[in-house]
Amino acid sequence: MPPRLDVTLVSTRRRALKLAGLAAFAAVLAPRMALATEAQVADEMKKLFAGKTMGEGKIKLDMPEIAENGLVVPINIDVESPMTETDFVKSVHVFADGNPLPQVVTYHFTPESGKASASTRMRLAQTQNVIAVAEMSNGQLYSAKVQVKVTIGGCGG
Amino acid sequence: MISRRDFLSAGTALAGLLAASGTGLAQAVGAQALSQADLLKFGNAGTFTILHITDIHAQLVPLYFREPSINLGVGEARGVPPHLTDAAFLKYFGLKGGTRDAYSLTSEDFTQLAHTYGRMGGVDRIATLVKAIRAERGADKVLLLDGGDGLQGSWSSLKTQGEDMVKVFSALGTDAMVGHWEFTYGADRVTEIKEKAPFAFLAQNVRSAEWQEPVFDAAKTFEKGGAKVAVIGQAFPRTPISNPRWMIPDWEFGIREEDMQKQVDAARAGGADAVVVLSHNGFDVDRKMASRVSGIDVILTAHTHDAMPRAVEVGKTLLVATGSHGKFVSRLDLDVKDKKVTGYRFQLIPVFSDVITPDAEMAKLVTDIRAPYAKNLSRELGRADSLLYRRGNFNGTFDDMICDAIMKERDAEIALSPGFRWGGTLLPGDPITFDAVANATAITYPACYRNTMTGKQLKDVLEDVADNIFNPDPYFQGGGDMVRVGGVGYAIDVSKGSGQRISDLTFLKTGKPLEADKAYTVAGWASIAQNVEGPPVWELVERYVTDTKAVKIAPNASVKVTGA
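For the protein sequence lines, the chains are H and U, in the order given. Following the numbering used here, the numbering of the first sequence begins with 54 at its first residue and continues without gaps. Following the numbering used here, the numbering of the second sequence begins with 117 at its first residue and continues without gaps.
FYI, nobody ran anything at the bench for these hints, they're computed from the structure. Keep in mind the model is a prediction, meaning the values are calculated, not measured. Heads up, a few of these hints could be off.
Said to hold, decoys possible - Facing chain H, according to a computed beta carbon distance under 8 Å, are these residues of chain U, among others:
id, residue
1, ARG361
2, ASP375
3, PHE592
Glycine included, every Cβ here is placed at the ideal spot set by N, Cα and C.
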């Protein structure tokens with residue numbers, strides 16, 4: 054049986070990275086929308102996790118160092134867990150400090166999920182930090198953070 | 117018949133003299149002839165031999181190629197090879213000025229030494245060396261590997277979509293290659309080459325976007341000298357960022373370090389005695405990868421065009437840097453004992469075209485390949501009245517000429533020209549042929565656009581490109597040089613962080629600061645966007661050179677560099 058994945062999209066309002074405009078180097082120089090800041094991400098996390106300590110490890114956040122296409126940047130999340138009735142991953146929250154809203158997506162898991170992993174693509178308009186937090190069934194939290202660079206490119210070689 | 121030049125080589129006895137005179141005039145002191153046999157001299161042969169060629173950029177015939185005088189390293193790469201030039205480079209490797217080594221490896225006294233030592237490269241000369249080494253060692257002990265950027269960079273390669281070099285690599289008996297500029301012929305053409313060529317096209321780091329399946333074979337194992345040699349391919353990880361992604365829309369790249377480790381482990385588990393990575397990462401990226409992926413015996417580096425007379429050791433991994441444009445062939449002999457690499461000898465063989473007898477079969481192939489274009493290519497458009505070169509972090513005189521051509525022919529206030537590292541050098545007095553123009557411009561997305569940009573936008577562009585070169589983490593570097601800017605001067609502090617390196621942008625026409633909110637007309641080429649409109653850049657350069665007749669480019673003082 055395939056793992057059941059219960060996904061709640063928190064933000065559906067991420068706007069398209071505007072690729073129009075200058076043909077050459079100016080691809081990402083389109084007018085900017087108001088974006089979340091690192092402080093807002095921290096605030097949002099404080100609200101959700103009420104100051105609980107974050108452990109490291111257990112959660113693996115795999116994203117490219119540099120986005121090849123800012124419109125669809127692959128994100129893979131894997132959390133180490135036996136996924137039994139007494140010890141499983143409840144949810145994984147993803148935050149990005151360059152997103153219009155600090156929280157991007159939350160994945161919910163149950164022991165029946167079999168394993169706690171998820172893959173999707175996200176839109177990144179500019180270089181930013183992406184943070185994933187796993188909430189375990191015993192309330193423990195684990196986080197991982199990566200910076201993804203979004204570049205206008207060209208000129209290589 | 118090629119006339120044989122008497123080669124001058126400054127031996128140890130001459131070293132003091134040269135240092136004292138400081139002029140680097142090898143001709144002034146005793147002469148010693150260099151022969152093809154000298155170039156082929158090698159220490160004890162190993163269990164097997166790797167021959168590495170790379171970044172030939174489809175240069176079929178010998179050319180001049182001046183190495184950079186500015187090649188700055190940041191972070192851990194600051195002040196270490198390959199980020200040493202000229203006197204510092206010679207000192208590090210214990211070489212003397214005014215010698216053939218100084219000529220082939222640095223920019224010192226370039227024009228003068230070029231007259232002495234002549235052009236370098238030429239695939240017919242490379243064929244001679246490869247055949248001689250195969251004859252000496254036995255073909256069953258020699259592996260010939262190409263590090264990519266072989267199939268692009270000349271008119272014949274553009275017109276045949278790299279088929280000219282596929283023929284050359286086939287005739288050379290190449291065992292495997294990797295890719296970067298090859299991808300600018302589009303996914304269909306690369307797939308065709310992969311399927312039809314008699315050599316392997318390897319890349320562990322390319323995936324189909326939808327299913328994340330490997331597009332190429334990651335590795336191939338060869339039996340050489342009784343040893344099992346696993347060769348793992350690594351395509352240029354930033355291809356879809358540095359070059360048009362729309363030409364390869366369904367492929368994703370990236371460094372994929374963990375997958376590389378898996379490939380190495382799989383090769384070992386499969387019984388490999390030696391693991392070789394044929395890489396197009398660029399030297400700094402490979403140096404970092406060597407420190408993080410275990411079990412690689414050799415990384416054959418490419419992309420950043422560095423040539424080094426010694427292999428660099430990072431832990432138990434050897435890094436080889438073979439230069440570009442066919443100037444060098446690297447020979448690496450490995451000793452294998454008890455399923456392990458136990459020793460090595462390395463020689464960077466300079467391809468001095470005037471002392472190597474061209475291989476007759478390859479020479480005929482080159483003539484045949486170039487025949488349909490020969491008349492067009494030999495057209496003399498004008499003359500170089502000063503040295504025209506490209507390589508260097510911030511500017512090159514060939515690019516200054518291209519920027520001048522763009523501004524004039526497109527009536528623009530500002531010109532942008534990409535920081536490519538390939539393209540030959542012309543000596544003062546050399547004809548500027550269409551061949552030479554094509555050697556610096558022959559790409560599949562040559563349209564020269566004309567547009568407006570504000571001063572702020574231009575600064576953002578420069579910052580973004582600068583971060584691609586001077587980010588202290590090599591995994592964030594793309595490997596090109598700084599975009600060349602015509603009509604605007606600027607200051608750059610390479611030690612600063614992203615977005616903070618560029619200052620003092622000056623509009624050169626008025627000498628006044630570039631205004632952040634003002635729109636300027638900007639023309640440039642090699643845009644990675646789709647459906648860019650404009651004439652191919654070589655047409656503009658051809659018109660400009662034809663009108664100018666004698667092209668004299670003054671040293672460019674409009675970029676002020678600090679923090680190095």
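Hint check results:
no. : hint   : in the structure
1   : ARG361 : 6 Å, holds
2   : ASP375 : 11 Å, violated
3   : PHE592 : 6 Å, holds
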